[in-house]
Amino acid sequence: MHFAFTEDQLLFRDTVAEFFANECPPEKVRWSWDDEVGRDASTWAALAEMGVIGLTVPEAFGGMGMNEIDLLPILTEAGRYAYPAPLVETVAVVAPLLAESAPSEIAEKWLPGIADGSVIATVELDGQPFVNDMHIANLLIAQRGDRLFAVPGENVRSTAQVSVDGARRLFSVEWDEADAELIASGEAGVQAANRAFDRGAAATAAMLVGLSEQMIAMTVAYVVDRKQFGVPIGSFQAVKHHLADAELKVSFARPVVWAAAYGLATNSDEVAREVSMAKCFASDAAEVVARKALQTHGAIGYTTEHDLHFWLKRSWALASSWGDALWHRRRVAHILLDN
Amino acid sequence: MDLNFTPAEEAFRAEARAWLEANVPVGLPSGDTAEGFALHVEWEKKLFDARWSVVSWPEEYGGRGASLWEWLIFEEEYYRAGGPQRVTQNGIFLLAPTIFEFGTEEQKARFLPRMAAADDLWCQGWSEPDAGSDLAGIKSRAARDDERGGWVINGQKTWTTRGAFCNWLFGLFRTDPDAARHSGMTYLMVPLETPGVTVRGVERLDGDEGFAEVFFDDVFVPDDLVLGGVNEGWGVAMATTSSERGLTLRSPGRFCAAADRLVDLWKRQAAAGEHPERVESMRDDVAQSWMEAEAYRLATLADVTGLVNGVSQGARSSLTKIFWSELDVNLNETALRLLGPAAELIETSPAAVDGGAWMKGFEFALSGPIYAGTNEIQRNVVAERVLGLPRK
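Here the protein sequences line up with chains A and B, keeping their order.
When the letters of the first sequence are read in order and numbered with this note's numbering, they come out as residues 4 to 342.
When the letters of the second sequence are read in order and numbered with this note's numbering, they come out as residues 14 to 405.
So here's chain A without its partners, still in its complex pose (with noise of 0.2 angstroms):
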């Protein structure tokens, strides 16, 4: 028994958080929201010189061939930073699924492409309705029922949707059989789509703690430094409890998410299970983070000249996308309650 990262792990994920704390500052996170692409390509590019988008990638392809375990502290990272780009999507969810599921001949088209950081790839599954940054996407992997396929970007027809994270970049997708490639179908399509959804959904938890953290860390800077009746509103005790809330909130998330990115690596019997309880526990954790961040900080926290917004609405965004809290809930339930 041993529940902890290695020292590799760790040395991983330090490096990649530097790399963020300089390259992804909240001054980039606002660019995001006023440019019209919102991505740095620079930015993804420099992620795949280190290793970072073909983290899952077979060495084969020309990725590292790690799995979720090397990867979520590493999102939790992207997640405290408000990074905006599609790193669950491409590196979570479609590089495993397509060396997992794909025919060799579409994982030797497209794998190589991702771990050097030029194809970007995206996901629509029956849980994700909403596809994500399909306007810088190379390709999409989506599901009709039974069977996913691999559609090659320009196939795509797209209708932007605007989430309330003006980072995010949603689009409805559209696009024909004929011109996209047969993953897989059947019990095997089923399966392979269940799978990316819960690599999606525990990516997404483990994201989920980084903003938690961040927010956590934003509120304590302010309530040290703010006074009111001559003293730092941090030692006002109901101050402190919104605090001590948000903090018990995550500490108890964050070992779910590990054991979520251990069951998916181990193709634990009980991932299902496993992958829902980190997502449900992240969604509430940021939930109840955010609001007490909000109050905590009180009105300059209502605007948007204030960086706390971008981390509230990241996590707005996130506890509702891959399956929020209550879809989570309810699988938990039937998984223990219907047999």
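No wet-lab data here; the hints were simulated from the structure.
Hints may contain errors.
[Unchecked claim] Chain B residues, not near chain A, derived (Cβ > 12 angstroms throughout):
1) Asp15
2) Leu52
3) Glu55
4) Ala144
5) His195
6) Ser325
7) Ile383
8) Gly401
[As the list claims (entries may be wrong)] Footprint (simulated), chain A over chain B, 3 or more residues, beta carbon under 8 angstroms:
9) 312-321
10) 332-338
Ideal Cβ positions, reconstructed from N, Cα and C, are used throughout, including at glycine.
Fit chain B to the supplied structure of chain A, relying on the hints for placement.
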């Protein structure tokens, strides 16, 4: 990362499971009444005879030298088998770690084997009428008696769990009244048969005489019953309270077993078909309670991984205390809501479901957010010592 136990640990589990399944008593009454307590002490002696009473202690004191992982496994199996509350817990889980850390060799040899065998039964003397959450406000005085070589105690302790049934008390007493608040206290161990000690049982919320007040009138305690240094009791006591907040008192096994029983209760209620809408509406709450117990188990695995690698929980043990105490209340409340009109029926009622265990469990759980430092105090600790907010 590896969430598997070793073959040796699994063998330990199998041995514990086999013995517990064959020996765990069925239908013991509450251990918080005089008659029930005596039956629980018999069970504790049986555990000791088979060397299961204090698995993590060294063999010379009656244990098995089990690792923290094996201790967790034992706890899982104990509660999975339906093992009863441990009436020895204040001794074996709270005092013993303090004796191991601060006791002399003589004290270890004198107290630990008898504690393991349930020959001595220990209660905790922390709270006083004017000192609850503010433990450093205690006033009970131990005055120096050089002639006899010891201390003379005057004062009162209160909310002493099972104090009416135990024969020893450990607690904090003020030995230097002129010292600053957190100084001048000494950790003493007191035989309750000593002349001058009066114990009065107090009925708890659940109707059992589980509490006591303990009065001290010129009670003499010799020097060899001082644990740690004279006037150093605060530091010694803090070692014990962190055990109380953290995992040794409340291992996840107990909550995981309760969560499994809750799932079972839901299924039985669903099968009975008497309140289909109520049962259907409780699905999410049952799942949430089960997940909270599982989250506590996972958090404990992470904490123990840290501990075996030398990383102490420190002030984060306050987060642990808030989480397990609130999950315990939530879990029992969920069961009561599932029972609807039968929720209020207690053990002596013929129509009570599961012998009234859920109301009993609810009443017991309600003590969790209060004792070992109220959850309001724990939230202050989290804010100040985990997050770094200013004290004032």
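Hints and how they fare:
1. Asp15: violated, 5 angstroms
2. Leu52: holds, 34 angstroms
3. Glu55: Non-interface label on B:Glu55 holds, nearest chain A Cβ at 34 angstroms vs cutoff 12 angstroms.
4. Ala144: holds, 20 angstroms
5. His195: holds, 20 angstroms
6. Ser325: holds, 15 angstroms
7. Ile383: holds, 16 angstroms
8. Gly401: Its Cβ does come within 12 angstroms of chain A, the nearest being 7 angstroms, so this is violated.
9. 312-321: Coverage by chain A holds here, the residue count being 6 at a Cβ distance below 8 angstroms.
10. 332-338: holds (count 3)
Hint violations for this structure: numbers 1, 8, all remaining hints satisfied.
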